[in-house]
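*Asks:* Sequence:
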Amino acid sequence: MSKTLVIVESPTKAKTLKKFLGKDYIVESSVGHIRDLPANAAEIPAAYKKEAWSRLGVNVEDEFKPLYIVQPAKKKKIAELKALLKQVDRVLLATDEDREGEAISWHLVEVLQPKVPYQRMVFHEITKKAILEAIDDVREIDQPMVEAQESRRILDRLYGYEVSPILWRKIKPRLSAGRVQSVATKILVDRERARMRFREAEYWDLVAQFTPTTGEGKGKEFEARLVTLGGKRIASGKDFDPDTGQLKRDDVELLTSEAAKALRARLEDGTFNVISAEERPFTRSPAPPFTTSTLQQEGNRKLRFDAKRTMRAAQRLYENGYITYMRTDSVTLSTQAIDLARAAVEDMYGSDFLPDQPRQYKGKTQNAQEAHEAIRPAGETIAPVEDIQRLLGADEGKVYELIWKRTIACQMKDAKGRRMALKVGDQEGSVQAVFQANGSVIDFPGFLRAYVEGSDDPEAALSDKETILPPVAQGDDVAAKGIEAEEHHTSPPARLTEATLVKTLEEEGIGRPSTYASIIDTILRRDYTFKKGSALVPTFTAFAVVSLMEQHMSHLIDPGFTASMEQSLDAISRGDDEMLPYLRKFYTEGLGIHPGLKPMLDKNVEDIDPRTVCSIPIGKNESGEEVIVRVGRYGPFLQRGETTAPIPDETAPDEVTISFAEELLAAKAKGDEPLGHHPDNQLPIYVKTGRYGPYVQLGEQTDDKKEKPKMVSLLKGMTVDDVDLETAIALASLPRNLGDDGDGNEILAYNGRYGPYIKRGADTRSLAAEDNLLTVTKERALELLAEEKKGGRRTSAPEPMKVFENVEGHEGVVVKLFKGRYGPYVSDGDVNASLPRDMEDPLSLTIAHALELLDVQREKKGKKKKVSKKAAKKPAAKKAAKKAAKKAAAKTTAAKKATSKKAASKKAATSKKKASKKATSKKAAGTDDA
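Every position in the sequence shown, counted from 1, becomes a number in the numbering used here once 1212 is added.
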């Protein structure tokens, strides 16, 4: 009986496919890529170490041939796959149908060299129907897609490995540059620069409470705002230049505080009537189903998930068969999906919410080269959200619900309503003041009943969208019940969040949506940005990197140039362009007006002045002295003449104003002068401010740096101004010795990482909020030590937070969830696996998710899967099966020998063809950005 080996990327996907395929199929995972370019010098084979190009991992001297190495952790996996190849008659490469998946399949063929037929098996959802259809519709490896992926991998390696060393030399170590990450960083820096240039402006207006005194709306109060005065529109925030704070136009009326209050006084006793009452219908259509980009954006807006967390949940949903492929640019839906969604709409909301014809969506992406359908629930039925949460976890349940609602909503009717505008003027016209009130009514909610973008609760969002105005007509009299003058200030441009950065990158055509999560993760890890709430704040290091690249390699950081590179890669994937000519142009010859990377860097690198690119001018103080932020090897610092001061970590660049800088410089100058001397040793005591905040320093740094002065951070809530000599001496004396407990044990008071605490031997207790570390007594310490300890490290075996035992479908398996020193983890007694860091509720972990985490960790460590107790009770059956297999193998040995000569001749005949193909098609794989 013939057998087929099906190779997928992940153990979870392999497990899911096994459910649908019979005994004639062996399903195994490659656990991602099996080879790649060398990650560091240690991975470069000895034969190539002396080559000038070896550090790049790409032979730029010989048609950009990549130097691929098998990752050490994958050698055992390759051996397992080769062993399985001997047992089968056919191989199906079932990796994802995108460039990355295509490349993984190509690498598998290159490394495994199967002697049996092999083909590509592709699918967009992991359901029985989809898998069986995919087996009947196999194809060859798509070489243009492989070339596009290899081009991108080589391009990113050349960009990253040639530019990054310049950043190390001119700015500081451990920085990196990348085709997409550098442009993403520039986008964040440009927004912060706009915030730094911003000058606030003040403007006023009036808001009135009106009540109709005649007509149908009599007695129904409404609010209106002043919009024109004497025929001129009242100035609002949009009328000011953000860089100067001045009005951009002179045809608007700017109300100052005095003018607004005077106008209010004139209008308070006036009479008013309705000038106009307009009502216009509106229609709003549903958004298309999710693509990778829009899913990441909505995951961030609605669930407060970062892109990485959203994609991790989506990956697990896909691999377990609950959604279609989650890396896609397409917004189209299959006929089956549309029928399923329409049936769900009719069942849940009734036929009134179902359009007569199915809705069809067309994407704007020029080359949607990923999967060919939007992200939607997979299969012929929609799984309940509760089942997803129970089987996979809370994150997966939330993301699935988002996908499910969006899919349903996209096949519902438009929302319809009316927008109203009432204008009220002073009746006598002496002031010519016109107020306006806006309202809206939703007459038919349509798709809004199921899904409102950016809102978790569609019903609440619907009510928020309605502002009902009273039924009034032109000429109706209204009375002013109260008029107030309101102050307003213009706001700087909002910082980008993950959602808005993803949206910007996609709109600019930069990178692929499937790489955005890793790009954002990279710029966070490289200290180019940090999060303040949900906003992404660029660091001064990012400013220096962007400044260097703008001044000396501007096109590499230009969004338009980067987008054109993406278009070229798309052209290669379609077969419209070739890999080698493009790589030559990029690296040596030049692209259009832009020089090649190598000659440009060779020419410009010596012109880069580190002091210039690492300097960010802030402005001049009242004395005319220039204040500059400099990016140093150990962090940013301020400089004014010869005076310097460190900038505390995670200070947003737009917060570093002249006044803020002067405060830090003054604090630094104050810190250079001692408060006094310690009475016991006469060492000077200083109050200083460093990158981690203010601290007390006892003594000075010696010239040979062998002896470091004692440094103690200020207590929580303390400021530099709170510290006098007495307080500084007390802080410098920490830890305090409170005395003997009566049994010869010292009691010490410490200021620890997590707050003040006392310690006696190995026994510790945190101080209460009302306790003062500097004055706490021995008596109080003994009281705390006498209390039962709350938490703390255990010397005995830790108690599990949760135990999975004899769960249906996993009988004989025991998995425990523990709270570890570095976070929660699961263990089966053989392997430990940490939970994802952003998993909010560890107790929501399911047995399926726990086993998946353990399987991945086991693959990494090269350990065999732990056999359940139930399976372990049948050694006799296992032994018998082994014996039978050995006997069968012996019978086939003779047959194999008889055909080996025939196979050898056949191999020789085909080897020339293979060699020819290899000479003209060098394809590979990798990850976006260095």
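Treat the hints loosely; a few may be bogus.
Unchecked claim - Simulated restraints, written as ranges between beta carbons of each label pair:
hint, residue 1, residue 2, range
1, 1698, 1831, 29 to 37 angstroms
2, 1461, 1912, 58 to 66 angstroms
3, 1264, 1962, 34 to 42 angstroms
4, 1982, 1744, 49 to 57 angstroms
5, 1912, 1962, 44 to 52 angstroms
6, 1411, 1912, 38 to 46 angstroms
7, 1962, 1295, 36 to 44 angstroms
8, 1980, 1445, 23 to 31 angstroms
9, 1274, 1824, 36 to 44 angstroms
10, 2032, 1295, 51 to 59 angstroms
11, 1349, 1264, 55 to 63 angstroms
12, 1982, 1425, 34 to 42 angstroms
Simulated from the structure, these hints should not be mistaken for laboratory data. The beta-carbon is built from N, C-alpha and C at its ideal position, and this holds for glycine as well.
*Asks:* If a hint holds in the structure, say so; if it does not, say that too.
*Replies:* The hints, checked one at a time:
no.	hint	verdict
1	1698 <-> 1831: 29 to 37 angstroms	holds (32 angstroms)
2	1461 <-> 1912: 58 to 66 angstroms	holds (60 angstroms)
3	1264 <-> 1962: 34 to 42 angstroms	violated (55 angstroms)
4	1982 <-> 1744: 49 to 57 angstroms	violated (32 angstroms)
5	1912 <-> 1962: 44 to 52 angstroms	violated (24 angstroms)
6	1411 <-> 1912: 38 to 46 angstroms	holds (43 angstroms)
7	1962 <-> 1295: 36 to 44 angstroms	violated (58 angstroms)
8	1980 <-> 1445: 23 to 31 angstroms	violated (59 angstroms)
9	1274 <-> 1824: 36 to 44 angstroms	holds (38 angstroms)
10	2032 <-> 1295: 51 to 59 angstroms	violated (36 angstroms)
11	1349 <-> 1264: 55 to 63 angstroms	violated (47 angstroms)
12	1982 <-> 1425: 34 to 42 angstroms	violated (60 angstroms)
When each numbered hint is compared with the structure, violations occur for hints 3, 4, 5, 7, 8, 10, 11, 12.
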